[in-house]
Amino acid sequence: MIGQTAIIDAAVDHNLVPNEYFAHFERFGAWQLDALKQIGLQPHHSLLDIGCGAMRLGLHAVPYLSNGLYCGMDAFAKYVELGNELAHVANLPPRYRLLVGDDFSFERFGVQFDFAIAQSVFTHLPAGDVRRCVAATRKVMKPGSAFIFSYLVGTPGTVGFLYAGAKPMQRSTIESESFFADLAREFGLEFQKPDIIHPTQQVGLFRYP
2 MIGQTAIIDA AVDHNLVPNE YFAHFERFGA WQLDALKQIG LQPHHSLLDI
52 GCGAMRLGLH AVPYLSNGLY CGMDAFAKYV ELGNELAHVA NLPPRYRLLV
102 GDDFSFERFG VQFDFAIAQS VFTHLPAGDV RRCVAATRKV MKPGSAFIFS
152 YLVGTPGTVG FLYAGAKPMQ RSTIESESFF ADLAREFGLE FQKPDIIHPT
202 QQVGLFRYP
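Numbering of the sequence shown is given in the working numbering, commencing with residue 2 and proceeding in unit increments.
Quick list of in silico lysine-lysine cross-link-like pairs, DSS-like style, CA-CA up to 27 angstroms:
1) Lys-38 with Lys-143
2) Lys-38 with Lys-140
3) Lys-194 with Lys-143
4) Lys-194 with Lys-140
Read the hints as simulated data drawn from the structure, not as lab findings.
Put together the whole structure using the sequences plus the hints.
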């Protein structure tokens, strides 16, 4: 793995503010892989990382997926550029693909996925975009697959700045977890609350028939 200081230095080299995202880079990357393992991820599986950022999960997941494939998509090109650099520095095997996109066009990977994850993504999206994201996963998830995500319940608010101070960070929340149950019914999924503790948020799970 790459050391925390080296990751922050690389972020600065890419003109990225070394904010909270990078300060907790290793901690949350390790949590994501552990959570995926708890719901069944194995080395031969394919994994979709929604909002992959600079491969915070990818640096852990790619070495673990010895016979599988990691695919990450993020709306912010600078994060994806940094992710590619960190993957090169870490000498990761070529079992990963990264794309820039904000339209949830996951079919661009040309892969049917066993697992998907959205760590601290729905916490920054309005409800309409969350629905669009879930609808898009329906096209690329295998039967029997699972999608784990984090979320917040409460009052939305602006809590700082993201992406080098250029874009306000919206801390989006939902009023009730029934929001996800309703989405599950709409798209023919099963919504669960797994017994997984997140450091700062709640954890939900969609299972695909």
